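Please put together the full structure from these sequences, using the hints given.
Residue numbers (my numbering), protein chains in the order written: chain Z, 19 to 176; chain W, 19 to 176.
Because the hints were derived from the structure by calculation, they are not lab data.
In this text the structure is predicted, and so the values were computed from the model without any measurement.
Where hints are given, some of them may not hold.
[Said to hold, decoys possible] Pair by pair, the computed Cβ-Cβ distance ranges are: (1) W:53 with Z:46: 27 to 35 Å; (2) W:46 with Z:98: 19 to 27 Å; (3) W:45 with Z:54: 30 to 38 Å; (4) Z:89 with W:49: 39 to 47 Å; (5) W:85 with Z:31: 26 to 34 Å; (6) Z:133 with W:141: 28 to 36 Å; (7) W:145 with Z:104: 51 to 59 Å; (8) W:58 with Z:49: 38 to 46 Å; (9) W:89 with Z:59: 43 to 51 Å; (10) W:53 with Z:49: 32 to 40 Å.
[Said to hold, decoys possible] Chain W stretches covered by chain Z per the calculated footprint, using a threshold of three residues with CB under 8 Å from any CB of chain Z: (11) 27–34; (12) 57–69; (13) 154–166.
C-beta atoms are modelled at their ideal positions from N, C-alpha and C, and glycine is treated no differently.
2 protein chains.
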Amino acid sequence: MEEQQIFVRMAIKAWDTQIGRADKFFSSVSDESMFKEVAPGKNRIIYLLGHLIVANDSMISIFGLGERKYAHLEEAFMTHPDKSDLDMPEISVLRNDWAESNRILSDYFSKLTTGEWMSRHTVMTDEDFARDPGRNKLSVLLNRTNHVAYHLGQLVLA
Amino acid sequence: MEEQQIFVRMAIKAWDTQIGRADKFFSSVSDESMFKEVAPGKNRIIYLLGHLIVANDSMISIFGLGERKYAHLEEAFMTHPDKSDLDMPEISVLRNDWAESNRILSDYFSKLTTGEWMSRHTVMTDEDFARDPGRNKLSVLLNRTNHVAYHLGQLVLA
Numbered sequence: 019m020e021e022q023q024i025f026v027r028m029a030i031k032a033w034d035t036q037i038g039r040a041d042k043f044f045s046s047v048s049d050e051s052m053f054k055e056v057a058p059g060k061n062r063i064i065y066l067l068g069h070l071i072v073a074n075d076s077m078i079s080i081f082g083l084g085e086r087k088y089a090h091l092e093e094a095f096m097t098h099p100d101k102s103d104l105d106m107p108e109i110s111v112l113r114n115d116w117a118e119s120n121r122i123l124s125d126y127f128s129k130l131t132t133g134e135w136m137s138r139h140t141v142m143t144d145e146d147f148a149r150d151p152g153r154n155k156l157s158v159l160l161n162r163t164n165h166v167a168y169h170l171g172q173l174v175l176a
Numbered sequence: 019m020e021e022q023q024i025f026v027r028m029a030i031k032a033w034d035t036q037i038g039r040a041d042k043f044f045s046s047v048s049d050e051s052m053f054k055e056v057a058p059g060k061n062r063i064i065y066l067l068g069h070l071i072v073a074n075d076s077m078i079s080i081f082g083l084g085e086r087k088y089a090h091l092e093e094a095f096m097t098h099p100d101k102s103d104l105d106m107p108e109i110s111v112l113r114n115d116w117a118e119s120n121r122i123l124s125d126y127f128s129k130l131t132t133g134e135w136m137s138r139h140t141v142m143t144d145e146d147f148a149r150d151p152g153r154n155k156l157s158v159l160l161n162r163t164n165h166v167a168y169h170l171g172q173l174v175l176a
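Structure below.
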């Protein structure tokens, strides 16, 4: 396997850092506390857990790597806001999904070559990509990393 | 274009995106609302504004580019938590500092070459850098970008 270039490893490391922090946070929250809001009237912790699983998992299809695994969580945790009275999985199931989705993504990330990271993702047309080669898979990873950090900032307030 | 160079532009673009969002947020907040807490008992908006100025400005010295300009804000917005009863500048001054610090940083960022971005920063020893060349200036920018996203997630709750 071609070795990943330094900047790819940097981007993956930044991802790992944010996921590690989020993981530490979720692990520290008891099942009952999962229903706490991050601030009065705002999203509950359980919603943000599901939301991050869905948002992160979507990279699998955006990158064209295969079927994403947590599409069934999209309705309750992405399409609709929290407290929409939609069915949510048991907390233990969601905790497993979180851990499993992180493992799946790490595995994909470690196997992508630098050239693959720098190639266009499935949501881009060839023409758009020719105009802006910076809109590649790695830029999606940078955005998703910031997305984790954004919600982590909210979670720690709970 | 060389892959590394594209990556530098991607990282700066991710920075610009987060700073742009934070800027839009702060612009939308009235002077009186600057004293609102992001959640009950948590940091006030004004504190996070000063905090981001200090954290971002510190890149100038970490990168060895020159004197940082907002070291005088460090006591009130970084060393001590919010509501420590320390003097804070007028809000209008802080708004100007925010805008000015973003201009200064953008200017520096646009002038750094790819090689400079990939070189070690002043907080690293040569030996540490030799062990992990991913701990370069660009990795600091990635971290600071996530730091902006983290606090932006909190700010929008206010």
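Cross-check of the supplied hints:
1. W:53 with Z:46: 27 to 35 Å: holds, 31 Å
2. W:46 with Z:98: 19 to 27 Å: holds, 26 Å
3. W:45 with Z:54: 30 to 38 Å: holds, 31 Å
4. Z:89 with W:49: 39 to 47 Å: For residue 89 of chain Z and residue 49 of chain W the Cβ distance comes to about 46 Å; the hint holds.
5. W:85 with Z:31: 26 to 34 Å: Check passed, 30 Å falls within 26 to 34 Å.
6. Z:133 with W:141: 28 to 36 Å: With a Cβ separation near 32 Å, residue 133 of chain Z and residue 141 of chain W satisfy 28 to 36 Å, so the hint holds.
7. W:145 with Z:104: 51 to 59 Å: With Cβ atoms ~54 Å apart, the hint holds.
8. W:58 with Z:49: 38 to 46 Å: Violated, at about 24 Å.
9. W:89 with Z:59: 43 to 51 Å: Violated: the Cβ-Cβ distance is about 38 Å, outside 43 to 51 Å.
10. W:53 with Z:49: 32 to 40 Å: Roughly 36 Å apart at Cβ, these two residues keep to the hinted range, so it holds.
11. 27–34: holds (count 5)
12. 57–69: holds (count 3)
13. 154–166: n = 8 at 8 Å, threshold three: holds.
Taken one by one, the earlier hints fail for this structure at numbers 8, 9, listed in ascending order.
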